[in-house]
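K.L.:
Now for the letters of each chain:
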Amino acid sequence: MNISNSTELICFIILSTIVVCGGIGVVLLENIVYSAFLLGGVFMSVAGLYLLLNASFVAAAQVLVYVGAVNVLILFAIMLVNKKEEMNEVKGLKLRKFLSGFVCIGLLILIIRVNITTAWPLPGPKSIGEESTIRIGEHLFTDYLLPFELASVLLLMAMIGAIVLARRDVYFENENISPSNNIIKQSKTPLIADKSSN
Amino acid sequence: MNSGLDLELSFNQAMQGFGISSDIAHILWLPLPMLLVLIAAVVGVLVTVWLERKISAAAQQRIGPEYAGALGILQPMADGLKLLVKEDIIPARADGLLFTLGPILVLVPVILSWLIVPFGQNLLISNVGIGIFLWIALSSIQPIGLLMSGYASNNKYSLLGGLRAAAQSISYEIPLALSVLAVVMMSNSLSTVDIVAQQNNAGFLSWNVWRQPVGFVIFWICALAECERLPFDLPEAEEELVAGYQTEYAGMKFALFYLAGYINLVLSALLVSVLYLGGWGFPIPVNLLASWIGQSPDSALIQVFTGAAGIVMTILKAYLLVFLAILLRWTTPRVRIDQLLDLGWKFLLPISLVNLLVTACLKLAFPIAFGG
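Heads up: the sequence lines are chains A and B, in that order.
Residue numbers for the first sequence follow this note's numbering, beginning at 9 and rising by one.
Residue numbers for the second sequence follow this note's numbering, beginning at 29 and rising by one.
Isolated chain B, as found in the complex (with noise of 0.2 Å):
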């Protein structure tokens, strides 16, 4: 199971060869991954942010931002720089304490979901047992956070929105939760390392894509609803609600808002490739192409390609799964509260359901095909 690249125990014996004990260097690795997931995913939202004004205003026969860098790259950067420099508001009635957590408690359980989201066999920060079910539990913190900055702003307005976005999330958790099991019973194991190694035995026609049509619509769709993108963007319908909960806020706590759903929906992309698109591996098995050209697997040429190849693929899928989402947003209409509470739970949850049970009876059926 452990072949490839760890870059922990290279550090580890790096660290000891200056005479440093492993407890220590153990300690001095932990920022480490960290910091750079942390960095991944804001870098990830400034292209994203980028991608979405360049497609939208291209769909809309428009040049979209040219003079910030070249073709207008360091546009978000100045978003960011006007939002970091902009006054904080409280409303003078609302509830400040509140006002001030509702933000956090939006932005750290989508941070802390990308604990889990592997870019290679050891490139992940934490392989934890519990994987995909962590990131599940996590997301269900989120409504709790838009309802407490609904109700504290103090405006019928961003409660509407609060309460809007806290159903969404519920009625689309469960059709998610039910797709990823379907997933998660053909590779009987809960861990995304393990889930992307089982679709990696024949490059892509091995990827779950194939064997789980129907749940990697069912999951695109909710992750969509659960990232409050258009067409499902009802909590701050601004034709309906000025911008849901978001109203009264400014400066930077609106930026967590917004750097929130952008990081959601980088992972959401990921989780996408993890899951249904075989995550790091290359379409074609390395193991097949190393052979062509004589090499063997184990040298160190190959793994270093293997590793550099996992995390360009990764990105790679996850990107153009969200461009789909932004040509999505671009393009399609919203939908009414009522429609979008009957797709979720009169649609898609009965599908996820008899998706599962015909996952459960194909697996007993052909143990081969399905991880039996």
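So that you can see chain A by itself, here it is in the shape it has in the complex (with noise of 0.2 Å):
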């Protein structure tokens, strides 16, 4: 073994301990902050792995879209609703945990289930390493082209959705909002309450 299959071992090794360590965490953690943070440094970590797998577009992308876009708009999300309340009693929370539990161990068995009685190519396929950004090009414009349109669409929709839901005052001229029923206040929304007073 020479140095360099060493190193990557090794990294490896540190890398998927913080995946899976990080992913246990997030479920488990009390503080919903500490759960969002530490869901970036799994994703992270994801990039990591696959910086180890010569995918160097692949990871630079998934620190672009995971941490930089998803993770920041959950803790944007958390910050702006932090509200330090207590939650209300559910009933059965010991059931509910215990059947979750189960199904994600289920899971996990049949995952292990699947890696140890699939016969993996080895040595697997050579990595094309520099060459992945002209690939990727070209598989989405040829043959992944309707899936990735499809979901630019569907990007699209939640966008607008997001717009919709955002923007009541404008698009929902006839729903009750005013200020005199204690819905919003006056001074911070004047668009509708000077549409509601003429």
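FYI, nobody ran anything at the bench for these hints, they're computed from the structure.
It should be emphasised that the depicted structure is a prediction, and the values quoted were computed from it without experimental measurement.
Note that beta-carbon positions come from the ideal geometry of N, C-alpha and C, so glycine has one too.
Wrong hints could be hidden among the right ones.
[Claimed, not checked] Not close to chain B: a few residues of chain A, all C-beta gaps over 12 Å, as computed:
(1) Ala-44
(2) Gly-49
(3) Leu-60
(4) Val-75
(5) Val-80
(6) Leu-81
(7) Leu-101
(8) Ile-113
(9) Leu-118
(10) Pro-133
(11) Ile-142
(12) Tyr-152
(13) Leu-162
[As the list claims (entries may be wrong)] Not the full set, but computed from the structure, chain B residues with beta-carbon under 10 Å of chain A:
(14) His-54
(15) Phe-161
(16) Leu-344
(17) Leu-348
[Unchecked claim] From the structure, some residues in chain B lie toward chain A, with a derived Cβ separation under 7 Å:
(18) Ser-50
(19) Ala-53
(20) Ile-158
(21) Leu-162
(22) Ile-172
(23) Ala-194
(24) Glu-268
Both chains are given apart, each in its own frame, so use the hints to dock them into the complex.
P.N.:
Laid out in structure tokens, this is it:
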């Protein structure tokens, strides 16, 4: 075993430990802010695993999309609504926890079984390294064009939905939102207040 | 492609001359450029801080620092030393772990991004294929550090500052990436070395700034916004938020934020010069100069000159941009948060999309001029 191989092995062990322990931590931690930050760490180590597989473009995209966009948005949402109040008691919480834990362990056993029984081709396919950016582009514009476009239409729909929900004052004229019934404060939303006054 | 000086190869051969194997020599080589770039980044920050103090003084008709060294040139060192020995305070009800981790998460991606800054054909740490995309990905980690320190300080101004910083950085990332994409489209590569090499055919006439004037302006505005410099320093607007997410920080942790800000400024200036101003390229092609004085471009003397001129040119261009940024900081008023978000989303984003589209059309129409 030469130097580069052993470095790779050490990196793999460290990264996968972070992914597994971090993932468990995200689910089990009581403080939701810690969970969100830990999720960012898990995403970063997944990007590290991609790097080990010589897929640098995918790794950078993983950091950009999951850490830079998804995780930051999750943190935003948590911090904007982070009220410290007691949650309502949920009926049968212990049973629910037991059931979901049971399902998760079942899935884990299934995956381990698939992993053991499948005859993986060793050594795996040769990595294409730097060329991967070109290949990904080619695939996105030829055989994966339809799924790619469908995904972007889905995202567009989600975006329009979010805008409609956020701007109820513009899109739902007849809805009974006015400062008089205490749903909104006049000083904070002058647009709606104007409309309801005349 | 691999012309010019290759220091690693020479180092490797020299080490093998001492009877050390090639593998070991490679491992010995690895930390050297990293250390060098780290030192370069820190020295760059010291120079920038001194420039900032001197230029702000000139803008306000003061003298500025003058007792620490000639012309106050040692003042940034004195500042740094002071921060180093200051007491490290963690507020009583703050979250100690996240409070410490925040500044680190802000600084580390910025320093990592220096990986891709080329000072010459072979004078960079690593010519990674995804080059400039790596920088965009790394700079998207920073908002997490800002949110973390804003949240952990347990202070409403810090939290507001952190949220503002993250919002600003997300909204300006998009036009920034789109204007980079237009350049990448012209040079057919994400690698910073290829992007510079593609601009150096005809001296300063072939720089990207002539072909991408709109992209240049968009990139510069977005880079200033990413560095949180005035006119876009809303996350730390002192009249509104005390000092934003830095409010509760003192000593070395504050210094980390300070350092990250200035390293980011120098890095942005370097990247503007790489993407739009020809990077290490001399305004007149060196080969042409060599032929005027009757030297072969491959001779050792010319090679050394090219390497030296490359480093000087990159730094000169970057520091001209830093000077511009400092002038902007001390002469422009701050925008409001709604103006800032309007500018990002309603103006820069559509313009950069149009710029990308026009570049694509021009690339198809004039493949010679636009790298078809």
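K.L.:
It remains to establish, for every hint, whether it holds in the given structure.
P.N.:
Against the structure, the hints:
Here Ala-44/A does not stay apart from chain B, with its beta-carbon only about 9 Å from theirs, under the 12 Å limit. A beta-carbon of chain B comes within 12 Å of the beta-carbon of Gly-49/A; the shortest separation is about 10 Å. Listed as a non-interface residue, Leu-60/A keeps its Cβ farther than 12 Å from every Cβ of chain B; the least gap is roughly 15 Å. Residue-level check failed: Val-75/A sits 6 Å from the nearest beta carbon of chain B, not beyond 12 Å.
Annotated as non-interface, Val-80/A brings its C-beta within 12 Å of a C-beta of chain B; the closest such distance is 5 Å. In this structure Leu-81/A is not separated from chain B by more than 12 Å, as the shortest Cβ-Cβ distance comes to only about 8 Å. No beta-carbon of chain B comes within 12 Å of the beta-carbon of Leu-101/A; the shortest separation is about 27 Å. At roughly 30 Å from the closest C-beta of chain B, the C-beta of Ile-113/A stays outside 12 Å, upholding its exclusion from the interface.
A cut-off of 12 Å between C-beta atoms confirms that Leu-118/A is not in contact with chain B; the least separation is 34 Å. With a least beta-carbon separation of about 19 Å from chain B, Pro-133/A lies farther than 12 Å from that chain, consistent with its non-interface assignment. For Ile-142/A, the shortest C-beta to C-beta distance to chain B comes to about 10 Å, within the 12 Å cut-off, and the non-interface label is violated. The Cβ of Tyr-152/A lies farther than 12 Å from every Cβ of chain B, with a closest approach of about 20 Å, so its non-interface assignment holds.
Its beta-carbon lying about 19 Å from the closest one in chain B, Leu-162/A satisfies the requirement of being farther than 12 Å from that chain. Checking His-54/B against chain A by beta carbon gives a least distance of about 9 Å; that is within 10 Å, so the hint holds. The beta carbon of Phe-161/B comes within 5 Å of a beta carbon in chain A, closer than 10 Å, and the hint placing it at the interface holds. Checking Leu-344/B against chain A by beta carbon gives a least distance of about 30 Å; that is not within 10 Å, so the hint is violated.
Interface restraint check: Leu-348/B against chain A, minimum CB-CB distance 30 Å, threshold 10 Å, status violated. Interface restraint check for Ser-50/B: the shortest CB-CB distance to chain A comes to about 11 Å, outside 7 Å, so the restraint is violated. Interface hint at Ala-53/B: violated, since its Cβ lies 12 Å from the closest Cβ of chain A, which is beyond the 7 Å cut-off. At its closest, the beta carbon of Ile-158/B sits 5 Å from a beta carbon of chain A; the interface hint therefore holds under the 7 Å criterion.
The interface hint given for Leu-162/B holds, since its Cβ lies 5 Å from the closest Cβ of chain A, which is under the 7 Å cut-off. Of the supplied interface hints, the one on Ile-172/B holds, with its beta-carbon coming within about 5 Å of a beta-carbon of chain A, less than 7 Å. With a cut of 7 Å, the hint placing Ala-194/B at the interface with chain A holds, because the nearest CB-to-CB distance is about 6 Å. A hinted interface residue such as Glu-268/B counts as satisfied when its beta carbon comes closer than 7 Å to some beta carbon of chain A; here the least separation is about 18 Å, so the hint is violated.
Checked against the numbered hints above, the structure violates hints 1, 2, 4, 5, 6, 11, 16, 17, 18, 19 and 24; every other hint is satisfied.
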